[in-house]
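Number of protein chains: 2
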Amino acid sequence: MAVVGVIGGGQLARMMIPAAIALGIEIRVLAEARGSSAGLAATQVGDYRDLDTVLAFARGCDAITFDHEHVPQAVLRALEAAGAAVRPGPDALLYAQDKLLMRERLGALGIAMPDWARIESADDLAIFLTDHGGRAVVKTARGGYDGKGVRVVDDAHDADDWLAEGAVLAEELVMFQRELAQLVARRPSGEMRAWPLVETVQRGGVCAEVFAPAPRAGSATLRAADELARTVAEGLGVTGVLAVELFEAPDGRLLVNELAMRPHNSGHFSIDGSRTSQFAQHLRAVLDWPLGDTAAVAPVSVMINVFGSLPEASIRTALAHQPAVAVHAYGKDARPGRKAGHVTAVGDELDDTVYRARAAATCFDS
Amino acid sequence: MAVVGVIGGGQLARMMIPAAIALGIEIRVLAEARGSSAGLAATQVGDYRDLDTVLAFARGCDAITFDHEHVPQAVLRALEAAGAAVRPGPDALLYAQDKLLMRERLGALGIAMPDWARIESADDLAIFLTDHGGRAVVKTARGGYDGKGVRVVDDAHDADDWLAEGAVLAEELVMFQRELAQLVARRPSGEMRAWPLVETVQRGGVCAEVFAPAPRAGSATLRAADELARTVAEGLGVTGVLAVELFEAPDGRLLVNELAMRPHNSGHFSIDGSRTSQFAQHLRAVLDWPLGDTAAVAPVSVMINVFGSLPEASIRTALAHQPAVAVHAYGKDARPGRKAGHVTAVGDELDDTVYRARAAATCFDS
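Here the protein sequences come in this chain order: A and B. With the working numbering as the guide, the letters of the first sequence map in order to residues 1330 to 1695. With the working numbering as the guide, the letters of the second sequence map in order to residues 1330 to 1695.
For reference, chain A alone in the conformation it holds in the complex (with noise of 0.2 Å):
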């Protein structure tokens, strides 16, 4: 039986369970703490940081792949030195580690994204103010996810906290029409696929809801997304599921935004909307097995991220006022604003979509 080893032990990793039950996979979890997320297929409890609790824990996989991208380079090599098949592997995840690393290649790759300049000093970022109307987005080169490290800014003092440990990614303020993204797996041994490009609607910097496929979008459109994530795909050397966080700009322009190279909200759809989901794909992928169809299984797919908590009550209405939507609960402890769960709805009519999994949702507003 094949060995998946996942580092981490959030809800990406949960989800990736129920793919390798009907595959046959044997999957095992290095979980941050006990009760985690993932917690029924955790093998072990320790530091992703430390270099002898992931050896360990590597032993005796055919794959070893992420919750997460936060696991050091030094980790990932000498993993990878002790022949553990790193998937997708550190040269590949740097670029998602270092946003300003991504940018350099992404260029090198003549992909199209929003102006951008690496900043070492309030200097620089005065100059890059200067010449984006005096507006721009400042992010942290390493660590931000989920609206965390990125900040609009007017003042070339704004990022002095941050430039204090070091360079930043300064980019302009794209006035995008809306943003997109387009999934696509990738095997070792070069299959891809790629998924519809769906639209992401964001709130407070983190994706609120994802309609599949992207309304609207033209055979143009679609095809020119499927290109550039095969294009980042290949030119990155990623294996498993790469999520490509895009603008639509106002003249149909697509600027990437993000890279995940791992499952990713935005493609939770595909649990309920696909014929092959990303969790699924995402363990073909990294061990190099033979891909699947990502064909929709209805016209229209719509998920709707939960936040802070899923109290049972609350799953019990929704279910019971929308049979046909389904509702996935990450069996996290309440926080507020953390991601606890998602509904998603298929059907054949958006507006219908929309409103059965809007309705579901509404069942958690507290």
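Hints listed in this document are in silico derivations from the structure and should not be mistaken for laboratory results. Keep in mind the model is a prediction, meaning the values are calculated, not measured. Don't take each hint at face value.
Just so you know, same-sequence chains aren't split out, so a pair can sit in one copy or run between any two.
Below, simulated DMTMM-like cross-link-like pairs (lysine to aspartate or glutamate); rule was C-alpha separation at most 25 Å, straight line [unchecked claim]:
id, residue 1, residue 2
1, Lys1668, Glu1494
2, Lys1661, Glu1563
3, Lys1661, Asp1391
4, Lys1477, Asp1376
5, Lys1661, Glu1361
6, Lys1661, Asp1617
7, Lys1477, Glu1355
8, Lys1661, Glu1355
9, Lys1477, Glu1508
10, Lys1668, Glu1563
11, Lys1661, Glu1433
12, Lys1477, Asp1580
13, Lys1477, Glu1501
14, Lys1477, Glu1494
15, Lys1668, Asp1580
16, Lys1661, Asp1452
Chain B: place on chain A using the hints.
Here is chain B on its own, set in the frame of chain A:
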């Protein structure tokens, strides 16, 4: 978090795990042995016939349900007396455990069945054979499944070995057109939801293929099967999933062959082919949660069982040849004739969907 305890660690318990993960339900399995199919969720290994073992297992569970119907009545009743929510309860399970009682009860409910008789002796059997053209099906009242405990006889002494143990059931040999199965779920508070009628193809007394919905079934047949299953579920007080195996007689009448009070092989298609799978529905039903929509996600689903083993190389071959077919492995040791997994294809059209499912299943022929 709601807790469901499942007695038995086979593939039915295994396939409840993904449903529990999605719904945020904690699932605990009392397995017969280490390394069972549902081992990932096994919290205890022990003998389900031992009352102390089962009582200890049941502590802290909001509902107790089953992977099989073999738990002795004395254990079931002691569990209930200790305050456990046993679902289905012992009164219902009795009819799944004893085919003579089942026939009597179905008769009282006015359900159509093959002609049958309680046989206490070779003389009884001789009379039954004379009345039914010299041939009959004889079944042990208890303990039979998957073709075991079933025998076609043409001599009054063909069941002497079984009669030495007690009364048996004789049934007329029905010259049916085909076999069908109707699944329904019922929760303690009364809500019921049925899936569309399916056709099952048996080989050697074991389910080989399932077509959902049953091809060429008219609306009268669909309605009759739905009503029949609801009558049985309510009449027998079943909670959870009930599978009613049916013969379709040459004149179109539906005759009840067997009952199963748990998720059933004829409902495996629902994992990939229905909005709510039989495993999710079973968990919802035994917890008395609102039931889910049983509508199909595609016009046709075809499920084919795989026997013996699912070697990893064959899984890869099947996935490569049929990227849209779902492969389900049960994580069991190889054994000739044993159900080791299944494949499901969903599609718009029967012939193509059957072709794809069989093409995938063929990869496991040794």
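Hint by hint, here is what the structure shows:
1. Lys1668 x Glu1494: For Lys1668 and Glu1494, the Cα distance exceeds 25 Å both inside one copy (29 Å) and across copies (59 Å).
2. Lys1661 x Glu1563: neither (35 Å within a copy, 37 Å between copies)
3. Lys1661 x Asp1391: Classified as between: cross-chain Cα gap 19 Å, same-chain 29 Å, threshold 25 Å.
4. Lys1477 x Asp1376: Answer is within; shortest intra-copy Cα gap is 22 Å, inter-copy 52 Å.
5. Lys1661 x Glu1361: Only inside one copy: Lys1661 and Glu1361 sit 13 Å apart there, 30 Å across copies, limit 25 Å.
6. Lys1661 x Asp1617: between (31 Å within a copy, 23 Å between copies)
7. Lys1477 x Glu1355: neither (34 Å within a copy, 32 Å between copies)
8. Lys1661 x Glu1355: both (23 Å within a copy, 12 Å between copies)
9. Lys1477 x Glu1508: So Lys1477 and Glu1508 pass the 25 Å test inside one copy only (18 Å; across, 59 Å).
10. Lys1668 x Glu1563: neither (31 Å within a copy, 40 Å between copies)
11. Lys1661 x Glu1433: Neither way: Lys1661 and Glu1433 sit 37 Å apart in one copy and 49 Å across, limit 25 Å.
12. Lys1477 x Asp1580: Neither: 29 Å inside a chain and 69 Å across chains, both beyond 25 Å.
13. Lys1477 x Glu1501: within (18 Å within a copy, 72 Å between copies)
14. Lys1477 x Glu1494: Intra 16 Å, inter 72 Å, cutoff 25 Å: intra-copy only.
15. Lys1668 x Asp1580: Classified as neither: same-chain Cα gap 33 Å, cross-chain 56 Å, threshold 25 Å.
16. Lys1661 x Asp1452: So Lys1661 and Asp1452 fail the 25 Å test inside a copy (44 Å) and across (65 Å) alike.
Hints 1, 2, 7, 10, 11, 12, 15, 16 from the earlier list are contradicted by this structure; the remaining hints agree with it.
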